[in-house]
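Q: Residues per chain are reported as follows:
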Amino acid sequence: MLSLDHIEQVYGRRRVLAIDALALEPGSVTALVGPNGAGKSTLLRLLACVEAPTRGTVILNGRPVRDRADRRWARRRVTLVEQRPFLFRGSVRRNLSYALSLHQVPRAQAAARVARALDRLGITALLDRPARALSEGEVQKVAIARALVLEPEIILLDEPASAADQTSAAALYRVLDEERARGAALCFASHQLEDAYRWSDRLLALTDGRTSPVTPENLFRVVIPPGGGTRVVRAGPLALTLHTDRTGPAIVALSPDDIVVSAEPLHSSARNTFPGRVRRISDDGRGGVTLVVDVGADLTVRITHAALAELGLTIGSTAVLSIKSMAVRVF
Amino acid sequence: MDFFTDGLRRGAQLILSGDPEVFGITWLSLRVALLSTIVACLVGVPLGFAVGTTRFWGRRAALTTLNTLLAFPTVVVGLVVWGLFARRGLFGGLGLLYTWVVIVVAEVVLAVPIAAALTAAAVQGVDPRVRRTALTLGAGTWRTHWAVAKEARFALLSGVVVAFGRVLAEVGAAMIVGGNIRFQTRTLTTAVALATSQGDFALAMALGLILLALALTVNVLLQLVQGRGGAGEGGGGGGA
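As given, the protein sequences belong to chains C and R, one line each in that order. In terms of our numbering, the first sequence is residues 260 to 590. In terms of our numbering, the second sequence is residues 1086 to 1325.
The shape of chain R in the complex, shown without the other chains (with noise of 0.2 Å):
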């Protein structure tokens, strides 16, 4: 246990110090996690909300087909982009393999299955009445769609946090296709593993404790927002 507690402190001290190597990963974890969040979203909300919304032939196989992929294993993706980024492979000649933007990649691929199937439960479960309302005052397909989504926008957050946390959390994808080099593809999780894997408990513990005040801002900023919006006059359906 005081080994334990011991690797704790030593860790905080580490933070305290500001040393610059757990910095430069930490800002390297968080510029992958968010911007494969926002892309997965860009590309999972929209494709989550027409699958949630709209009636055509495969539509349960498509959804079956996402919530599969939500258990897709990190490491086989990982493998698949690894592959596509070789030197031999269909991307290979853009020399991204080992680099953080191939990282990135291969968060979004898990990410996008992770956005697109929240997005598509969260509007299956809003009321019916709401895009007949939209419809009957007149409202185009844009504002219809606009006027779902602000009834579902808590559901829709939560997905979004979900899959932040899924790429912010991930390490089996980003060991492969980034390599873990020191000061250029080393992110929050890798270090974890590698700083385990060398004995240096005390490294570990200070990434692992702030890889926990990450997920735990994340989470109290989605309160937040939810708290305001729950006990707010919010606007109505389509907004002004």
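Excised from the complex, chain C in its bound form (with noise of 0.2 Å):
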């Protein structure tokens, strides 16, 4: 297990990321989910035991990752793969043997165990092509086998299937499934939150370098005027009545869940009324429906099948987002 215990990691003057804690727990899959800029990467290079954090401990497998040996004996056991991955020069081939070789597998074991790789992620025509040849999607699986092949305890990867179309980004993410099935624990940033729950058992947002209580959508950052109690602030282009009793700068957050969809304005306690069009429908990957209504900005709503059938809702479709100035979360 790979756990981190009251991280800091500061560029210059600038804090970058700020966790308390957090734990891998083998045959898991944890999602990390924020905007550009949220720490995503730099926690990964910290779980990776990349970088050493300027404050807390990492903690594999029981014992803390302190110095140089530390991080050497952990990142034998733990491996991350970049957004934009690197290959050395040579063949498919020889990048996979490479990695075995630094972790001394025999030859004859080699050439079995990179042949397996690239086969179960569909790239065996690769095997001999040289690595500066390869399309961006091309490189980001080679790297994902070069991973694979170590079979290693943790693997961590930054936005695996960002130069992956639909289908082989799902079949990317089955085969990290299966990782997990064998007892891996793994942990992946991804822009794309449908496959963040899809493929995930837990998801954690970041935002500013912080883990946010809520999910990242639907997030504005906002400057409350001074008063108490009610009041408008503005949200992007949105005008959004909330209830806090704090004042100045800070991230609101409309949870997709917390948000009523209907095909007319209704008469309700809700302060907030937006309309909109749909924009977009998918399944949420956890039995119900993920629209995204432009109201201006986009905001992302789950509902059930039923609502949605009932609703009679496609792409286009006007609709009308009601949330309850209680239920805006100031944070």
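Hints in this document: simulated from the structure, not taken from any laboratory.
The following label-pair restraints were derived from C-beta to C-beta distances:
#1 C:323 - R:1152: 37 to 45 Å
#2 R:1210 - C:577: 54 to 62 Å
#3 R:1226 - C:437: 30 to 38 Å
A short, non-exhaustive set of chain C residues, derived as facing chain R with CB atoms under 10 Å:
#4 304
#5 308
#6 310
#7 330
#8 331
#9 334
#10 338
#11 348
#12 358
#13 361
#14 362
#15 415
Just a few of them, taken from the derived set where beta-carbon distance is under 7 Å, the chain R residues facing chain C:
#16 1214
#17 1217
#18 1220
#19 1221
#20 1222
#21 1224
#22 1225
Please read these numbers as outputs of a predicted model, since none were measured by experiment. Quick reminder that beta carbons are idealized off the backbone N, C-alpha and C, glycines included.
If you follow the hints, you should be able to join the two separate chains into one complex; please do so.
A: The following block contains the structure:
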């Protein structure tokens, strides 16, 4: 098990990450989501023991990773595939064999492991291709194969499917799921919330280097005017009524499960009513439906299949979103 | 112009006739240049690697110092080394002044900053993902350095060639510490200077041609190596 204990990472004078606790259990998949600059890649590099944290401790299998020797020990059990992976000069085979040679895997075994890793990702044909002549998507798959061939205890991936189309992304996540089944702990960062929900056991949202208590849909940076109780703030193009004791800069979140969708404006207690158009409808991977509704800004809403059918919503339909001011979360 | 072409012709004749003094001078120059390049690289490359890849207090100052030393006047180096190896100097007891060994010492002092500064620049130019990738695949410190060095190999090789070129063509320090003694410490460059001042233009031209030929050979060899590496499947980052 890989865990973090009160980690802080500071670059120059900027604190880019502050996480009190996080644990990656064997046989689990954790998805990291959050906007650009939220600290996802930094977190993955710390977990991969490529960087040492400014403060706090990384703990692997109960052993604190403190010095260079510890990090070296940890990196033989943990591996990271970066968002723009680097392949060394030479063939794909050579790249995978090189990784195995670092782990002192005998040549006789290495060939079979290389063949199997490429086969699992459906890229056997790339075996003898020069790595520098591959497309972005192929590079990503080869880098993942190079990580899998090591059979690590913990696999960290930064946007593993960013260069893949939907079909190959699903194939890729299925391979990662097999790794989970063999007992590996996986953690991946993704911009695709649907992938994150579908392929992880647990979703961790990062905002400004901190884990945020809500999922990263419908987050807005706002400035709350002085006063108390119910106030109106500008959330991008939306005028949002909320109820809080806080003032000054804050982040507000509209949980997709707290938003009511209707065909007509409702006469209700909700202080926020936004008419808009449905832009996207997709399965949320958890038995429900995710709608993206353009109300000036894109808001994500989760409803049931039954509600979708009853409202008769399709892409382009008008819909009205209602949110109680008490349901607007401020943090 | 006739004077010039005549010098060239007679110089070529001198080389082709296998003049033992010309060949003696060439051999000494080559020996001094090769030995001092090797020693300078053994010191300068690891030094440049350390400065280029590790973060430490004063790193920027170290880089500035190295870059400044690139332009260090050769006669000043000659003067300092002469002072150290002169009879009353720190190493005077060794009795090495006016031997080819002390020329090597002076050339090493000149070439170390070149090897170090160009190595630092070469490894700083390597994609930072190379190091991270080697680390995430489980490489230790040395294998990681090796992966970085392999990615920077052409730039590193260029640094070696520049250092070799510098010591081969250097005249001031070699003249001061070697004394330009016939059959002992006379190198191609000091011999050219002397022959020219004595009016022996043919000898000067012959030695100049040899210097050019040596420089050309080294550069052609470098290009051959680069060409082979560039087109080839030269192998993974750390080498299995």
